[in-house]
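Residue numbers (the numbering used here), protein chains in the order written: chain A, 1 to 153; chain B, 1001 to 1153; chain C, 2001 to 2153.
Calculated directly from the structure, the hints in this document are not laboratory data. Don't take every hint at face value.
Label pairs and their calculated CB-CB ranges [said to hold, decoys possible]:
| id | chain 1 | residue 1 | chain 2 | residue 2 | range |
| --- | --- | --- | --- | --- | --- |
| 1 | C | Gly-2031 | A | Glu-9 | 26 to 34 Å |
| 2 | C | Pro-2015 | B | Pro-1101 | 51 to 59 Å |
| 3 | C | Ala-2046 | A | Ser-83 | 43 to 51 Å |
| 4 | B | Ala-1124 | C | Gly-2102 | 21 to 29 Å |
Heads up, the beta-carbon is just placed ideally off N, CA and C, and yes, glycines get one too.
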Amino acid sequence: MSHTARLAELGIVIPEVVPPVAAYVPAVVTGRYVYTSGQLPMRDGAMIAEGLVGSDVDPEVAKDCARQSAINALAAAASVIGSLDRVTRVVKVVGFVASAPGFTAQPAVINGASELLLEIFGDAGRHARSAVGVSGLPINAPVEVEMVLEVAD
Amino acid sequence: MSHTARLAELGIVIPEVVPPVAAYVPAVVTGRYVYTSGQLPMRDGAMIAEGLVGSDVDPEVAKDCARQSAINALAAAASVIGSLDRVTRVVKVVGFVASAPGFTAQPAVINGASELLLEIFGDAGRHARSAVGVSGLPINAPVEVEMVLEVAD
Amino acid sequence: MSHTARLAELGIVIPEVVPPVAAYVPAVVTGRYVYTSGQLPMRDGAMIAEGLVGSDVDPEVAKDCARQSAINALAAAASVIGSLDRVTRVVKVVGFVASAPGFTAQPAVINGASELLLEIFGDAGRHARSAVGVSGLPINAPVEVEMVLEVAD
């Protein structure tokens, strides 16, 4: 099954790309790779949640934020490669979690992104990953996700 | 116009590379890519500002720090590829902003780096980017910027 | 001398790969590159230290944590490329240090990783690097290290 057919089966709609909040582009393709910009949990033009995970934002909500950020990263990738069917491997994901003091469950949060990638891409979605807790993110987002994807020539 | 001619027109001088503060090198070239080390806002041997953005450091000063860090990243790249005229695309920029609690305007700060890259490289300077707020940076720098550049063979 | 011979000479044992704490894989190989996941300072199944560097964790202990995280990153790489003798260059290291407020000696901490790479790989171990202070890391780790390695075809 193609990746786009799998997306349809899962009922996941890849939105129009979220415009960058500053002087850069959503994604760059170079050789066989796509680098996405860090993506925030915007859905239908609004942030799903705001603030620090572990105080302002519940970890389960933050996991959904990570999932939405990953969807937006795929939207960014699709905007430069045309179709996600060209993706041959998700290489790397970095997940930044705006974390309240003492919050250390970043992996469970970023699983929202990782599990989505496995659902969509299967074995090609098995990626290397770093999850870290940061002190704050753009426009008070609780999560930011960036990716490197390998694509067919 | 070549990238170096554009630098001259803009009056931007790429300095000698800032020596790493530890056991690594300023940049590595591999295949058609240059990876720079994270660069700090050193100018003429001194840090432009120190501390957390949003409390110790004004966001406008921090934006200038991001611009200087980007200049230092280009110096690092030039030290391994010879001339910046070989750059065919700025692929990715990551900007770390040492952020006071509650500071969430990292994009405006890192625009200091992004806008510089657009000025110098034009369309080839349009890059993917992540901006995040961190709790502290080496030797109390307010900003750290790293890049991946694509270069001609 | 091969890299594995050098490891033996140094008395460094590359352990079995530490299983990811979530839905991803330890490392991905793509083209001539290996991307590792962020690695924590696990040794013999337990974290060497826990908490924030500069308050809970002494910087010298944190440096050992960075060294162990780098060893685990090499274990992750070895799990996908077979032998570390295939490594032709350490391209990039990112070191995240869970930092107490005001702690800015991240470079000295991450030198634990960088110095290890130079010891093992010699000139091929000279890498680009970013070191940043973050507010918290998975399962209360003081340090997390990720790498990009270039490998022979």
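Tested hints:
For C/Gly-2031 and A/Glu-9, the hinted distance range of 26 to 34 Å is satisfied, since their beta carbons lie about 30 Å from each other. The given range of 51 to 59 Å is broken by C/Pro-2015 and B/Pro-1101, whose C-beta atoms sit roughly 38 Å from each other. Checked against the given bound of 43 to 51 Å, the beta carbons of C/Ala-2046 and A/Ser-83, roughly 46 Å apart, stay inside it. Distance hint check for B/Ala-1124 and C/Gly-2102: the Cβ-Cβ separation is about 40 Å, which falls outside the suggested range of 21 to 29 Å.
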